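**Student:** Given next are the chains, with one letter for each unit.
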Amino acid sequence: MQKIGSEKLKEIFIKMLRIRAFEERAIAEYRKGILPGFIHSSIGQEAIPSSVCAFLRDDDYILTTHRGHGDIIAKGAKFDKMMAELYAKETGYNKGRGGSMHIVAADLNMLGATAIVGAGVPIASGVALGCKMQNLDRVTVCFTGDAATCTGAFHEGVGLAAIWNLPVIFVVENNQYGMSTPVKYYCKLEQLSDRAKAYGIPGVTVDGNDAEAIANVASEAIDRARKDGGPTLIDAITYRYYGHHMGDPGTSYRTKEEIEEWKRHDPIERFQGRLLKAKVITKSEIQEIQASINRELDEAVKFAMESPEPRIEDALNNIYCPSA
Amino acid sequence: MQKIGSEKLKEIFIKMLRIRAFEERAIAEYRKGILPGFIHSSIGQEAIPSSVCAFLRDDDYILTTHRGHGDIIAKGAKFDKMMAELYAKETGYNKGRGGSMHIVAADLNMLGATAIVGAGVPIASGVALGCKMQNLDRVTVCFTGDAATCTGAFHEGVGLAAIWNLPVIFVVENNQYGMSTPVKYYCKLEQLSDRAKAYGIPGVTVDGNDAEAIANVASEAIDRARKDGGPTLIDAITYRYYGHHMGDPGTSYRTKEEIEEWKRHDPIERFQGRLLKAKVITKSEIQEIQASINRELDEAVKFAMESPEPRIEDALNNIYCPSA
Amino acid sequence: MRDLTYREAVREALGEELRRDKSVFLLGEDIAEYSGAYKVTQGLLEEFGRERIRNTNLAESAIAGAALGAALVGTRPVAEIMYIDFSLLALDQIFNQIAKFRYMTGGMVKVPLVIRTQGGGGKAAGLHHSQSLEALYTHIPGLIVVMPSTPYDAKGLLKSSIRDDNPVIFIEHKGLYNESGPVPEEEYMIPLGKAEVKRQGKDITAVAYSKSLLLTLKAAETLEKYGISLEVIDPRTLKPLDQDTILNSVEKTSRLMIVHEACKTGGFGAEIAAIVAEKGIDYLDAPIKRVAALDSPIPFNPRLEDYVLPNENDIIKGAFELTGKEIPAELKLG
Amino acid sequence: MRDLTYREAVREALGEELRRDKSVFLLGEDIAEYSGAYKVTQGLLEEFGRERIRNTNLAESAIAGAALGAALVGTRPVAEIMYIDFSLLALDQIFNQIAKFRYMTGGMVKVPLVIRTQGGGGKAAGLHHSQSLEALYTHIPGLIVVMPSTPYDAKGLLKSSIRDDNPVIFIEHKGLYNESGPVPEEEYMIPLGKAEVKRQGKDITAVAYSKSLLLTLKAAETLEKYGISLEVIDPRTLKPLDQDTILNSVEKTSRLMIVHEACKTGGFGAEIAAIVAEKGIDYLDAPIKRVAALDSPIPFNPRLEDYVLPNENDIIKGAFELTGKEIPAELKLG
Ligand SMILES: Cc1ncc(C[n+]2csc(CCOP(=O)(O)OP(=O)(O)O)c2C)c(N)n1
Ligand SMILES: Cc1ncc(C[n+]2csc(CCOP(=O)(O)OP(=O)(O)O)c2C)c(N)n1
Ligand SMILES: [Mg+2]
Ligand SMILES: [Mg+2]
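Chains A, B, C and D, in that order, are what the protein sequence lines are.
Numbering follows the working numbering, with no gaps: position 248 of the first sequence is 248.
Numbering follows the working numbering, with no gaps: position 202 of the second sequence is 202.
Numbering follows the working numbering, with no gaps: position 288 of the third sequence is 288.
Numbering follows the working numbering, with no gaps: position 95 of the fourth sequence is 95.
The hints are simulated quantities; they were obtained by calculation from the structure and are not laboratory data.
Please read all numbers here as calculations on a predicted model, not as lab measurements.
Cβ coordinates follow ideal geometry from the N, Cα and C atoms, glycine included.
Mixed in with the good hints there might be a few duds.
[Claimed, not checked] Straight-line Cα separation of at most 20 Å, EDC-like style, residue types lysine to aspartate or glutamate; simulated pairs:
#, chain 1, residue 1, chain 2, residue 2
1, C, Lys123, A, Glu29
2, A, Lys197, B, Glu190
3, D, Lys225, D, Asp295
4, D, Lys194, D, Asp242
5, D, Lys110, A, Asp248
6, A, Lys188, B, Asp194
7, B, Lys227, B, Asp58
8, D, Lys279, D, Glu312
9, C, Lys123, A, Glu309
10, B, Lys256, D, Glu33
11, C, Lys39, A, Asp248
12, A, Lys184, A, Glu257
[Unchecked claim] To give a feel for the contact side, a few chain A residues facing chain D, derived at Cβ under 7 Å:
#, residue
13, Asn94
14, His102
15, Val127
Using the sequences and the hints, build the whole thing.
**Tutor:** Here it is, written out as structure tokens:
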């Protein structure tokens, strides 16, 4: 709690509460059988995007994955437009064309969500390149999963960022499984951040359930990138409480004990305990925040439910844009 | 000169002479304007495949690249069938269907030559997997270029070999350029073998113009692989004297001085000096060997020239094999 | 005869071939405990163990490339690419390496491998999990492309694919896994490259495969009631295509409709249309009709997705159009 | 009007657009000093510097992905993939990401980028450096696909492609780089999506593009002498295709031939054939004829390669076939 001011800590904490609450509500909606498609919950992983995005400017960019709700919310996305997207409505971020795995909030410089694991990495390098070429001092954060580090796209994209010294940070939300495959199976390294050694860029492994630890690592990396110091690979170790997606109980490849054990290290509880102890926040403040989040979510669900579906007449719009 | 017996040293040396002589002859033929397609010369790089293949058994496998003549010869390929392939004749290794960049000598367990940079890496892992699954104690060597280490295929293929502990050795013939692009540009590492650190496998950089140094490193890696000790990445630093292919003078991105400097470290001259000094071989022996190689090459060229072209009627054979 | 689902039929084929031939093995992402995204490989890990039911790293080009390498040295890999959408990551291996390897060697080697994958929409799975990309594969010499529509065909064709010495791309459909149909207990095989007339008819030849075959058969029932008789042909293997069965049918019916779920432009229907326009144009009494997805990425919203994908009504409308009959108002096709 | 080679025309278009618009830049393998495998970018490094003429790492998916990212934030990248054969390594980025990005966002972003590449055979470059793969691209909604046949078209279309706000796949042909033709000194643009009738005729509509257009024009001269008049249409942009120009011509000639260098099965000719069989079948007095490469990987041996690829004689033969005339023995077509 040295370097990071209490306003920032509070901001991070609120982001975490917002993500958890949104994810819980999305699951609840999904379980009613109303939401189409897949939901990949990030519950358990909230500390990572919350801490990272707290150090980004509005004009900085992020990219994310199929498990991106948390990242998107951390960058400032609105619940109503997110929920509407989950509902596949015209008022959603993608006008119902994308869905949970593809949310793009271009107005927040949140450039998607690809459902192809690893594919965001070269794109993120390109975003950082575009900024650098225009002399914009914007930083790009590319969130990926742990298994994504196996992909050719990861290797090629990080490789490019390294040689062009691009202002991009690759944040591995290391929940220790790619679907059912444990990180220990698909990677023989002590720590995944050692993959950075193949590119000559800094790599650091951090407790992804410790908001402050992440904040320290992330703010340093963001700072470095902004000062033309090049890319960083951050490996933040965490855990997802649910299965791979809501259709997967998540227990054929993980023991109940393992899941319970991780829940004892819940990032929100840990951080809350520390913030309360340090008097950064009070219990009643938290209750108020949660109540307000819940009201916002009620409204978001209402908004989503009442919003119109996309019109069939518009089905083929925006495949191309009008020629320049 | 400790561990490696003089017979082996001689074998390596002869392989080097054979490669150099073949490559020179191929260039001479190419310059006559008779050979179709491209020729990527490996002159200057002979020590690497010669030393590596000297420690392989006949039933071990190798795979190589567009610059593969040296590797193929080191595995024991016949000049006549190679030259005939360069001439696109029916008697060539690939019956004239493949050409210089695609030679496959299946009878020598030499499984090609892909012209897609990096593509051989996952295939090599598959070959090693196939051997392992059949409890064959065969080792697979995958020769690649330095720039190939940038490719997604390299990353994915080495990654797979690492997690399955496959008996495969990735030998980077590091001639310090991918086409015109210097290794220092496309990779910010002190040494390319550090790429091994991303997979938790041994990686070693070696002077690729020092036959004995390579022999030491390679024999150890082959031994380890054969004993189920898993893959190794060997980065052998060398230099190609010619351009990227015969149509490239090779001087728009390299200085004449640089080229001359490297020629002063010629792997054959160096090794020859040492062998003569150690009396492993005599000058007259070398002359005899060279004369015999030249005779073999004369015959190979004659064979190639006199061999028939593939028949048009056979053009569409072997796209499929008869269904089982 | 007992009924099996399409999923079970595929699984049974895998199990039988794994049992019969020790050189057969499976590799792919999350095919072991997880049993694949659609649970096709369930139970196989228990019976055959981790050596033969191999989880890979998350790396499609490694999966395809490793299958090729292993096939070259005497094993018979069956690789799984979880969604055909992800197979775009493996196309260098599949098109440049696997498809060309035998030819490149002048016939010195064979490449006995199968790549199983699945495609198709209808699940609101979004634009990276819903495509029908078979046309890409059918353009590449050296590949065999199989797309079964029924449990019976899926089992018989997969067994033949595994025993074939050529690389086979075996494309399942996520919307078919729960469909069931008769599958004999006794072993059987279905030859690659042979179409089947799934329904006899006389007015229109409808060529359809994979899930579109089911839609077409249903549409055919409705059409029958209105006096339009569809002869429905399932090519089953798209490459090599059984042209004769199609041409013979068109000769009889003089009308051709092609139904598939892939985008219309550049879809495999274009190839069938072109073949008939080359070799059977004199048989035709009407324009050729392609019923296919609109040229659009697959939208997440289910109504839009429904709109973009071809359905029974589109087939019915097409059939009325081809026969020049008026669509009865009661059909409410809009 | 001065003559330029196709190579020079492409280079001039790049130079002009780089000069005009600071947000345009080039990225690709060995495009700087080396000037690309076919020296297209020669001289650009000197004028525009390393920031805008960017050598990448050897990584096709990074090239395509980086182009997408950069396009999303206000620059206009022109990426080079050295051979279309290597583009198979980038197809996830091109088909799943680039092509779908705008649609996926409901139209909130645009993706102004060009991927330049080149394909085609005839150089004994072997099976990984000789393919014609345009059909893969034409199947994917969201992409524009351009394939110019002349220096004039190459320049005008590339300039339009760079200024277009959609992703454009711009496919050159290695066998055209040394061909020359008139190119005005003054600036001009050619609109995307418009075919051109390169030769008026009345007996057969021949649709051909890229290098095949040249072969077709030559064949047309020979055929003229034998009383067969070809109307030769160059679509120039394959996606979106200018169907009207083709259909109008077929209405006039009542015969259709399509010529391309890609493998016949599943090639873009199938799409053209299918469109005409759907919308213009009544115009036709003869079967549709596709003159294309045989369904084979491209062999290294030049004689075999010649045999596999379509040539002038194949076009001439096809034209005689379509008109039902006998081939004069003096033509020695075998
Ligand atoms: C290229 C690709 N291959 C496979 C999949 C199927 N898939 C979706 S998520 C996933 C696991 C990803 O693991 P990780 O990167 O750790 O992210 P996580 O889901 O754990 O957040 C897999 C295999 C995919 N979407 N894309
Ligand atoms: C995937 C792919 N991209 C680009 C090329 C074009 N190309 C051929 S060789 C080469 C450079 C390869 O460099 P390296 O791996 O160091 O091998 P070297 O040629 O130096 O032996 C390039 C870019 C190719 N053949 N394949
Ligand atoms: Mg994970
Ligand atoms: Mg090199």
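**Student:** Mind listing which of the numbered hints don't hold for this structure, in increasing order?
**Tutor:** Numbers 3, 5, 8 - these are the hints that the structure violates, sorted from lowest upward.
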